[in-house]
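J.: If you read the protein sequences in the order shown, they are chains H and A.
Heads up: the first sequence begins at 1 in this note's numbering, then just goes up one per residue.
Heads up: the second sequence begins at 266 in this note's numbering, then just goes up one per residue.
Treat each hint with caution, since some may be false.
Some chain A residues near chain H, calculated using beta-carbon distances under 7 Å [stated by the list, open to error]:
hint : residue
1    : 341
2    : 342
3    : 399
4    : 403
5    : 404
6    : 498
7    : 500
8    : 504
9    : 505
If you're looking for bench data, these hints aren't it; they were derived computationally from the structure.
The C-beta atom is built at its ideal place from N, Cα and C for all residues, glycine as well.
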Amino acid sequence: MSVARAPAPAATEVLPPPPGIRVEALRKRFRRQPVLRGVDLEIRPGELMVVIGRSGGGKSVLLRHMLGLVRPDSGRVLIDGQDVTRLRGRALDRVRERFGVVFQGGALFDSLSVFQNVRFPLREKSRLPADQIDARTLAALEQVGLGDMGHKYPAEVSGGMRKRVAIARALVTEPRVVFLDEPTTGLDPILVNTIHHLVVELQRKFNFTAVMVSHEIPEIFQIAHRVAVLHDGKIRAVGPPSEIEGSDDPAVRHFIHGEVEIDAT
Amino acid sequence: MNATLALEPLARLGRLGLDWAAALGRFGIFLGETLACLAIPPFKAGELVRRLWFVGYRSLSVVVLTGAFTGLVLGLQGMLMLRRVGSEAFVGPLVAIALVRELGPVLAALMVTGRAGSAIAAEIGVMRITEQIDALTVMALNPMRYLTAPILVAGIIAMPLLAWIFDTVGIFGGYVVTVSLFGLSEGTYFGQIRAFLAPIDLWVGFWKAIVFGLIVMWVAAYKGFHVGHGAEGVGRATTEAVVLASVLILVFDYFLGSVLP
């Protein structure tokens with residue numbers, strides 16, 4: 001796998017420290033259906049936290065609360081002490097300017113080429129000269145091994161490439177917090193490992209706080225600093241991968257070992 | 266129990282009324298937020314040019330075609346009717362005033378609704394369900410500024426031009442029928458148009474086209490932004506955008522026709 005073929009100019013700059021995230025008593029219902037029933041979770045600065053849980057269990061909803069895209073019924077999400085569930089307008093934008101987000105399907109802009117997609121946030125938000133923006137865009141693409149794919153459009157590249165473009169776009173602005181919503185869903189095992197190692201490598205390099213929602217068990221145990229298990233709308237367990245893998249909690253064991261839950265009554 | 270059952274229809278009506286009021290409120294807020302993006306720089310000129318090309322230039326062929334046939338029909342029917350009362354000399358003003366005041370803006374707007382409005386609703390709807398709009402939001406970029414505002418301005422600029430092209434082509438369509446087929450003199454046709462078509466008629470058509478351009482793009486963008494789930498949601502949003510915009514065009518045509526001189 002070719003990662004970090006060209007060093008990003010950003011790597012030489014002094015970046016601000018990564019923030020921590022604290023989720024407190026977060027509750028959310030959709031049409032009377034409770035999805036989050038009081039989530040408490042602390043993500044330490046600079047750590048790679050992977051949130052696992054059953055499909056439809058509210059992992060992406062939790063992530064969208066952290067991004068300020070969904071307002072909770074109660075509870076809060078503090079990023080560097082600021083409650084993103086209460087912020088609006090410019091104040092929320094100032095927090096989001098430090099985010100990098102990889103959406104489930106990539107969320108690449110169809111009308112822009114791969115290069116234009118990665119360049120887009122820099123072009124719109126930074127005050128760098130055009131040649132520096134282009135250089136950083138190319139460096140970001142080369143970091144994910146797609147330096148020669150810039151001219152293609154999202155519809156012309158494979159699913160794995162789209163995910164890598166999305167990662168390049170999320171990282172080109174040197175974010176201090178990166179959110180990844182199932183970045184490997186639908187990819188083959190080799191691509192899953194490629195993307196996982198890419199995330200780890202980039203996280204080490206840029207020292208950002210990362211929150212990843214994933215289904216990839218046991219692969220994520222090799223990359224996560226800590227793992228949180230979301231079950232029944234609450235964080236059932238949180239800890240280092242070895243601790244979660246060895247958990248005695250039946251719900252956690254059922255999930256990570258893929259066991260079918262049988263009602264004994 | 267019986268009293269509760271008896272009141273149920275009333276409660277349903279009330280809920281329906283509240284839902285309508287809430288939807289109207291959301292609709293208004295959406296426009297307000299878009300207009301606020303127009304008032305506060307930066308404005309996305311490149312995106313405006315792209316939308317103008319799509320809404321305006323790409324609609325030209327359908328507008329020219331419908332304009333020509335509308336003029337042909339107006340000329341034909343006008344000639345047949347006015348010949349009965351010996352007033353065929355006035356067929357030119359009939360065609361021109363009907364086109365400039367009513368049919369030009371209305372039919373051009375309906376054509377743009379079908380061609381560009383539906384496409385915009387579908388495009389924004391797909392952007393919504395594929396999280397492209399969320400991607401803009403979390404980049405701290407306002408999707409209203411990048412998507413809705415240029416679309417709205419493109420509609421306001423393109424629609425009067427398209428209506429004017431529709432009018433012009435339609436008047437020449439009427440000319441083809443009345444002069445070439447019925448033998449009316451060219452001087453009579455255009456001379457009577459010059460005599461009867463007043464600047465106020467052009468202004469009425471111009472303002473109607475601006476309002477219709479705003480309506481079409483506003484409805485299309487709103488429906489795309491508030492799309493349901495999946496492909497079915499996009500399909501429904503597209504249909505709703507076309508139906509609602511078409512109805513609003515006809516409703517506003519009546520009210521504008523009543524208010525404008």
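J.: Run every hint past the structure and note whether it holds.
T.: Going down the list of hints, with the structure as the test:
1. 341: 44 Å, violated
2. 342: 44 Å, violated
3. 399: 6 Å, holds
4. 403: 5 Å, holds
5. 404: OK, holds: residue 404 of chain A within 7 Å of chain H, min 5 Å.
6. 498: 15 Å, violated
7. 500: Violated - the Cβ of residue 500 of chain A stays beyond 7 Å from chain H, reaching only about 18 Å at its closest.
8. 504: With a closest approach of 22 Å, the residue 504 of chain A hint is violated.
9. 505: Hint violated; residue 505 of chain A Cβ to chain H Cβ min 21 Å, cut 7 Å.
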